[in-house]
Every structure is written in C-alpha cells, then in structure tokens.
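S.K.: This is what each chain is made of:
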Amino acid sequence: MISLAGRDIAHAWGKFVFTGLGLGLLLGVTLVMAGVYRGMVDDGKALLDNSGADLWVVQRDTLGPYAEPSSIADDTERALLTMPGVAEAANVTYLTMQVRQGGRDVRAMVVGIVPGEAWGSPGWPPALVAGRRVTRGHYEAMADIATGFGLGDTVRIRRNEYTVVGLTRRMVSSSGDPMVFIPLRDAQEAQFLKDNDAIVQNRARTAANPAFNRPGVPGLLPAINASQTSSNTVNAVLVRLRPGADPDEVAESVRRWKRLTVYTRADMEDILIGKLIATSAKQIGMFLVILAAVSAAIVAFIIYSLTMDKIREIAVLKLIGTRNSTIAWMILQQALALGVIGFAVGKITATFAAPLFPKYVLLMPLDSVFGFGAVLVICALASVIAIRMALRVDPAEAIGG
Amino acid sequence: MLRTELRADAVTEELLAKVAFSAVPLPLPPIGERAEVTVDLPALPAGPVIPNAAVQRQGQQLGVWATQGDSLTFVSVKLGRADLDGQVQVLQGLKAGDAIVLHSEKPLTARSRIQVVDHIPGVAP
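Residue numbers (the numbering used here), protein chains in the order written: chain V, 30 to 430; chain S, 9 to 133.
No more than 30 Å apart at the CA atoms, straight line, and that leaves these computed lysine-lysine pairs for DSS-like:
1) V:287 / V:74
2) V:311 / V:376
3) V:388 / S:114
4) V:74 / V:376
5) V:388 / V:376
6) S:114 / V:74
7) V:311 / V:74
8) V:376 / S:114
9) V:44 / V:339
10) V:304 / V:74
11) V:304 / S:114
12) V:376 / V:44
13) S:26 / V:223
14) V:44 / V:347
15) S:103 / S:114
Some, not all, of what chain S presents toward chain V, calculated at C-beta under 8 Å:
16) 94
17) 114
18) 128
19) 131
Computed Cβ-Cβ distance ranges for the label pairs, DEER-style:
20) V:102 / S:10: 30 to 40 Å
21) V:51 / S:67: 50 to 60 Å
22) S:50 / V:240: 48 to 58 Å
23) V:90 / S:39: 43 to 53 Å
Worth flagging that the hints you see were computed from the coordinates, not collected in a lab.
Where is the CB? At the ideal position from N, CA and C, for every residue including glycine.
Here chain V stands alone, though its shape is the one from the complex (with noise of 0.2 Å):
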C-alpha cells in the first residue's frame, strides 16, 4: 500500500517544511517562555541551596529576609547557637543594589558573610570556579561571574572600594540578580550607614535637639552619634541542624523560647515559588495559554488550507472509491508530520536560543515530553476542520468546472 500522506508532501515539500520551520519557531517561543518560568523557579531554589541553611530565623512577623525586610540584633545568632538541634547559625545581610565598577554599574544582591575561617558556614558560596575565598575581613569580595567582574576588580558599593577575589557561577537571588559577597561588618555598613554628608546632618540635628544636647552632660552627645552610627543589625540568621533534628521541632522551640519568626526550607520554597514570583509565573503561564491558542489556530489554519489546496485531487481519490478512512488518515498524517517537524525545530531553537537570554531560561525534558504531547494533541485536533471538509467533497467536483 502506498503512503498518500507522505506521496502528497513529497509533492509540495518546499510549502511543507517551510510552513514546519514557521510553526517550530512559534513552538519554540513557547517552549522558551516555559522556561522562562522554570528558571525563574530554579533561581529561587538556588538561592535555598546556596545559602546552605535548614532554618531562616527573621524578624517576627515578617517575610524576610528574600520577600520582605527584616532586620534583626547581630547577637540574636549566639542564643540560636545555645537552642538544642541547632549546629551552627550565622548572620546573613541580603542588599540588593547596583554595584559599580569603573564606568558602569552591574545590578546585583550584595551579600554580607561572616568572615574568617569559617567555610562552608551558612551562606557562603558551597563552590568557586575562581580565585579564592574571602580571607580578610574587610574590603574583599566573592563575585558571581553573571555581574561580569574578573579576579582583581575593584568595585564600588557604597561607601567602600572592594577587591574581587573569587568568581562563583549560579549564584543569584530570587529574582535572577548575581550574588556579591562581602564581609558581613562591611555589608552592615553598606546597608545602614548612610553617606558622609548625612552624617554630619545629622550629628547637627541632634546637637540641636536639647533632649540629647544637654549643658550638663558633656559625654551625651558624642555618646547618642556613636550609636546612630553603629549598625548591628542584619536581616537575617541562616542555621544548620545538627544531623537528625527535626526542622519544624527546632523551629518552633526558636519560636516559642526566641520570639522571633523561623521558616524552615519548605516554609522558604513557599514564600518564594508561592508569593515572591506568583504573580510573574501567573504573566508568563497567560502568556504560555495564548501562544499554546495561536499556534493551535496556526496549525488549524495551514492544516486547512494544505487540504483545500488538494480538494480536486481529493474529489478525484473519492471518485475512484478511496475510502474515507484513507482520506482522513492522510490528513491526519499530514497534521502529525507538520506537529513532529515544528516541535523539531521549536526544541533545537529553544535549546540554542536558551543561553541567549540575560535570566536564567531552565529548559526541562519534561516539559519537552508534554510540550511533545500537546502539539501532536493540537495538530489532531486542527486537523478535524480539515477532515470534515475533505469527507463532505461531492465526487462529481473532480470532474467538474
């Protein structure tokens, strides 16, 4: 038996693969676009898995320390380290800011870590691809290679100049940001001492303020400006379990004896994938219904008019007593064929195309398995028009005018 499907597009192969290479780049926009979202969910997940924690202790009644600000006293991480279960706690600032080098200025989530011997202690990078890590305490820093800065740099955030030391890769904050990691008393001061302008205002604001300017106490002065310009806050303690202590236990003991909000990881994976990007995911999932329609219509459209291009020749198939079911499987091939070829050629653009694009774009074989499905499903579905038309063609049209 001969293969009318594939005679009929060795016929017109030229229309046949270009409309295929159209509809494989409208699929391969829309294979894109779902991972656009996955990236976006995968640089959440990232910035759990780099920062190394089991528990976020916060601010009380806030989101923080990636949702929502928070701040919280520098010393609140020695009574975590005395709490039962709990290995290790360290004090984390999370600035998200331009940092600039040279001319220009890179956006990027400025990373206060405790420094000193302490590898591998929550919130440091787990791995570098160069250099070295942060071994002095002040003016270093670890850098991500997305911000583009090398080994030597020195860049600028707020007050302070900082050498470049170690390039890390996939080091990004929840909204594709690249890390830049800074001693921590340094990251307190960028995030909470102001310039030195303000400064001097300041002091001149509560030198006349006569509450705190009092002829007789000399020292009450100096005293209020030295603590307006100490920052011993940070927003947040990252803390490790000791191995085998329940994450929900410690986190509500912290909650009771400490007073202050814990998010274990799934509490964290919720208020990131849940509320910090809900409202993104919901844009690019519309997006992803109205290009899944158009190319269904696309496919429906080319489907029929592949087919009432034929129509005669069709007419002339019945005339000769072809079957229906041989006239419906054709085109049905046909649709099939067009659905392979465009996911083809949607998948390989998308793949090359992936790297292009300045976020992260996270393109998983699953969702190609199901996108593989969707298109065979929709190019089926299109090609109902077409096959009702061609079973409805009067035989006597072959032989007419």
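Assemble the complex: chain V is given as a structure, and chain S must be docked to it using the hints.
M.R.: Frame of chain V; chain S shown alone:
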C-alpha cells in the same frame, strides 16, 4: 604590635589592638583615622598547604574532593592556620602530591562526573 586590649567585642569577636610604628611616618596620620594593619607572624615550619577554594563542607565535615582518575572521593581534612593569600595548612587527611579539586562549576557529590580542565570555560584565567 604594642598591646591588645583585654576586653573583646562580644558580637564581632574582635579585639582592639594597639600598634606601634617602627618608623614614624611624617606627617602623622590624623587621630581617629581607620587603618588597615597586617600582622606578620613568625613563619611556620614548611608543610602541605592547599588553596582555601578547595575546602568544601559535607554535613558537619570539612574536607576536600580528591580525584583518582575519573572518580571523586570526599576526604575530610584537619586544617591548620590560614594566611591572607588564601592558603590553608593541612594537618591531616592529605599528603603531598594528592590531586584535589580546586574549582568546580557546580557543588560536587560523590556521583558527579568530572572532567579535569586547566581553567573553567567562560572564566578568565
């Protein structure tokens, strides 16, 4: 170093130290200026050192990923003193000549497939 204060900062675990100039700079720096001081300690006896970028943590253990051909094993090490250039003394766990992973694109596990390169592609050497 002239003397260190007895009292440490409870939060930052830092000590106030008083440093004397061996050659007094002229003009003298202003009072209250923040200075960066590096203290040169007497040299330690020669021993194996590794770059601190190689030190990794698995659970509670500090160690390094040692390579033998294509296989990776996590060797826990006891570290000694570290210097400001990023070298750490290894007291136990490794011997001179062992091959270890210095930089990696991703955090490693014992099942990671590895390819040894001079420097990671995309990263300036």
